[in-house]
Amino acid sequence: MRLIRLSEIDASMIDLVGGKAAGLGELIGAGERVPDGFCLTVESYASRDLPERELADAYERLGGGRVAVRSSATAEDLPEASFAGQQDTYLNVEGAGPLADAVRRCWDSLHTERAVAYRAAAGIEEAAMAVVVQKMIDPVAAGVMFTANPITGCRTETVVDAAPGLGTAIVDGTVVPDHYVLGGRAPAEPGGCLDRARLEELRQAGQRLQDHFGSPQDVAWAVDAEGTLWLLQSRPVTTLFPAPPPSRDTRLYLEFGHIQGMLRPTTPMGVSMLKTGAALWFESAGAAVDARDPFPRLVPIGGRLYFDLTDFLRSRSMRGRLGASLEVYGPRVQAAVERMLDDPRFAPRPGLPFRLGS
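Residue numbers for the sequence shown, in this note's numbering: 1 to 358.
Bear in mind the hints are in silico, worked out from the structure with no lab data behind them. Worth double-checking, as some hints may not be accurate.
As the list claims (entries may be wrong) - So the derived label-pair ranges between C-beta atoms look like this: (1) T152 <-> L3: 40 to 48 Å; (2) G330 <-> I151: 28 to 36 Å; (3) R5 <-> L229: 18 to 26 Å; (4) R53 <-> H111: 23 to 31 Å; (5) I151 <-> G191: 15 to 23 Å; (6) H212 <-> F307: 19 to 27 Å; (7) R61 <-> S247: 47 to 55 Å.
The beta carbon of each residue, even a glycine, is placed where N, CA and C say it ideally should be.
Using the sequences and the hints given, assemble the complete structure.
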């Protein structure tokens, strides 16, 4: 199978159609609005035999006109490696001849120095290239959306960057986009190229995609002159720090490895030894210790060690002494934690039991 419509693709076909095409097929299957198109599978790339007649026929069935020709590598848009910008995309391609040339250039982009270096850094030895061909959208605005904040790691915020025209200007850094943060404690400021209604439409679309794929998503989108929202891509956000253990309320964690000179991630054995050592110290002071989790206030996240300060903040007997106990961390850390004393999420809770060891 060398050519296949996007509407016939699903995630199980990633080895045949690559990551981008598999994601687009999933979007269509989920009922989202995606520009019509087809995929030239990795079978053609493997044989280096471009079926020009079949390609021209598929282009005519699509209606001809201007199309976007997009790389779809088998190692692309993965949870651990997005390959963003590593392979090439060609926009406003028109005619069967230019389309065939653009496909060949997409194939060649798998072997550029930057793509080879990226795969080597990600530990990916082999990859093949499929190519997606889609009808061009003439956007009045376009951009990217993250269903979790990639800067702060906050999973309850959606971040939207938008600019008039094609979204490629945002990706390649040639424009400064309008920046919106949705779902935070303060509402997104109106203005720029998107109004509140459009931002809410994007937020809802992002939530649907996150629910469908089961993880925070990095979404490319565009709005045409008729006001229709099109989804151009959805892939996992690869830059998020690992989420802390599930909790029913907000927790405050303090990373303390650096002050101890622990500049590298801690191994599982190291975490176990540190938790056991801390538990023994507290046990010697008369604190109760649970052998199943000897020191739960010490929380490993992403190979780093954090101290859970939540109950210290909520304890009337401890919160007044918390600032002084953090002097060793320096004034910036001390001030940041002391600001949390005024945060209603960490207000004292009458009768809250406080135990050092658990």
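Tested hints:
A C-beta distance of roughly 43 Å is found between T152 and L3, which places it inside the suggested range of 40 to 48 Å. About 23 Å separates the C-beta atoms of G330 and I151, a value inconsistent with the hinted range of 28 to 36 Å. About 22 Å separates the C-beta atoms of R5 and L229, a value consistent with the hinted range of 18 to 26 Å. For R53 and H111, the Cβ-Cβ distance of about 26 Å falls inside the hinted range of 23 to 31 Å, so the restraint holds.
The hint said 15 to 23 Å for the Cβ distance between I151 and G191, and at roughly 21 Å that hint holds. Taking 19 to 27 Å as the suggested C-beta distance range, the pair H212 and F307 does not conform, at roughly 36 Å. The hinted range of 47 to 55 Å is satisfied by R61 and S247, whose Cβ atoms lie roughly 53 Å apart.
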